[in-house]
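J.: Sequence:
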Amino acid sequence: MTHKRKQGAGREDTAVSPGANATRSTSASPRVAVVGAGLAGLTAAWRLTQAGVEVTVYEGSGRVGGRVQSVVGRLAPGLVTELGGEFIDSTHTDMLALVREFGIPLIDTQVDSEHALVPSYFFGGRHYSEAQVITEFAPLAARMRADMETLSPDISATSHLPLDVEFDRMSIAQYLDRAGAGGWLRALLDVAYATEYGADIGEQSCLNLLSVVPLDTSAGFSIFGDSDERFKVLGGNERIAHALAERLDGRVELEHRLVAVREHSTGLGLDFVRDSGSKSIDADFVVLAIPFTVLRDIELRLDLPPSKRHAIDMLGYGSGEKLIVGLGSSVWRDQGRDGGAYSDLAFQTGWDSSRLQEGGSSYTFFLGGATAKQLSTGNQATRATEYLREADALFPGMQQSHTGVSVATEWCINPLSRGSYSCYKPGQWTTLAGWEGEPAGNLFFAGEHCSLAFQGFMNGAVETGRKAAEAILAKLQ
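In this text, residue positions in the sequence shown follow the working numbering: the first is 2, and each later residue adds one.
For the record, the hints were derived by calculation from the structure and aren't laboratory data. Only a predicted model underlies this, so the values are computations on that prediction, with no experimental measurement involved. Quick reminder that beta carbons are idealized off the backbone N, C-alpha and C, glycines included. Just to be clear, a hint being listed does not mean it is correct.
[Claimed, not checked] Cross-link-like lysine to any residue pairs, in silico, SDA-like; alpha carbons within 20 Å at most:
#: 1; residue 1: Lys-280; residue 2: Arg-32
#: 2; residue 1: Lys-374; residue 2: Pro-416
#: 3; residue 1: Lys-280; residue 2: Glu-264
#: 4; residue 1: Lys-309; residue 2: Gly-428
#: 5; residue 1: Lys-476; residue 2: Glu-264
[What the hints assert, rightly or not] Now the in silico label distances, taken between C-beta atoms and shown as ranges:
#: 6; residue 1: Glu-300; residue 2: Gln-111; range: 43 to 53 Å
#: 7; residue 1: Pro-106; residue 2: Thr-404; range: 23 to 33 Å
#: 8; residue 1: Asp-229; residue 2: Gln-336; range: 20 to 30 Å
#: 9; residue 1: Pro-154; residue 2: Val-406; range: 45 to 55 Å
#: 10; residue 1: Asn-380; residue 2: Gly-104; range: 40 to 50 Å
#: 11; residue 1: Glu-102; residue 2: Ala-220; range: 30 to 40 Å
#: 12; residue 1: Glu-230; residue 2: Asp-283; range: 19 to 29 Å
#: 13; residue 1: Gln-375; residue 2: Pro-154; range: 34 to 44 Å
#: 14; residue 1: Ala-180; residue 2: Leu-235; range: 40 to 50 Å
Please model the complete structure; the sequences and the hints are all you need to start from.
T.: Okay, structure coming up:
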């Protein structure tokens, strides 16, 4: 079995250059509608627009960006805080291509000033070094390596063997039990993967772990393999969404909530509700760039294949939330630490969300699974006080440094997201993986949930938006 998040790295289906695939039919101009003004929908619309195709984007909320949302000055003057998607990996070629295309600067978290700082693994009231993690992890890594060698290289709903199914049906918790993983290492993997995918490890397929976890630690320990979380957008990731929307020049219709998709003799029909009433439009091609958690509650009067219906209805989604606190200083840096933390404390994981920014300081507590759901429904001020008190054991002085300001996300209860990002439950690799992005006639799908290589990442959204545009252009040629 290969690492899922390595798939696609270096392949020929990398980001399309501006103006590529511009050839199109000379017949009457097609009617193209994109539903969802997140990165996937905006990218699809922009690539089609570059090719001379007229597109209209319909967005249910009053803003563009979807699950990418940057706020400025909420925690400190001038400080940019990411409420949604935050990091860009070195392998995220589509995202990096957009950044270059629009001339948007990046923050590189691996500059020289950061090399001496170390992450924190804090369990049982003590810090563990990276060397200790590697030593403790070695026997489990050997077991995982042996298991991965017995599995198919690329597992999906249409390509798998009986042994793949057996592993797929096993949760991460069951796998770690079987492998004899215990102690603080087990606790580390628990919080890491509960927050990485947004689901408790008893509720996700063990292939989520095996496809990502690093087995070669000779160059250090990276708990999510190739995912280096190296870059952030200077000024906020939402700059990318705004740059795309600006280039679409008024072709984004906000506050249009989709309620039905209809199939008729001349194409597809879309029904929306707005504050001012209902609206219906017809289109020859439609790109649905919204989460399946939302799509499954929309009336689909379509002849969809059973596999597509199954993917829409059943795809798992994680619950990941952030509680971000304003601080007077980044106390962890004076202690030789970069702020990245995994712990058995109430907040699970966290990082320095003000890293390499000018101005004030902030810290993001990142929660997954049941802990995230509790944040969405509980008293956020009480949670902030609790997390800061516990974090003081990890980074002394942090509680005293709190400015009293905090902000929490609510992706789990937002009606236009209903979760953070997709996460395969036990059994879903071999029953629906790969069906998410499959088109149905002239109906196309895009979003992080449609990406095989970059599920859950902003890059997955941009990649699948590009591919949806390319598929429509191919039909028009």
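J.: Determine for every hint whether it applies to the structure shown.
T.: Here's how the hints hold up against the structure:
| no. | hint | result |
| --- | --- | --- |
| 1 | Lys-280 - Arg-32 | holds (16 Å) |
| 2 | Lys-374 - Pro-416 | holds (15 Å) |
| 3 | Lys-280 - Glu-264 | holds (16 Å) |
| 4 | Lys-309 - Gly-428 | holds (16 Å) |
| 5 | Lys-476 - Glu-264 | holds (18 Å) |
| 6 | Glu-300 - Gln-111: 43 to 53 Å | holds (48 Å) |
| 7 | Pro-106 - Thr-404: 23 to 33 Å | holds (27 Å) |
| 8 | Asp-229 - Gln-336: 20 to 30 Å | holds (23 Å) |
| 9 | Pro-154 - Val-406: 45 to 55 Å | holds (48 Å) |
| 10 | Asn-380 - Gly-104: 40 to 50 Å | holds (43 Å) |
| 11 | Glu-102 - Ala-220: 30 to 40 Å | holds (32 Å) |
| 12 | Glu-230 - Asp-283: 19 to 29 Å | violated (43 Å) |
| 13 | Gln-375 - Pro-154: 34 to 44 Å | holds (39 Å) |
| 14 | Ala-180 - Leu-235: 40 to 50 Å | holds (42 Å) |
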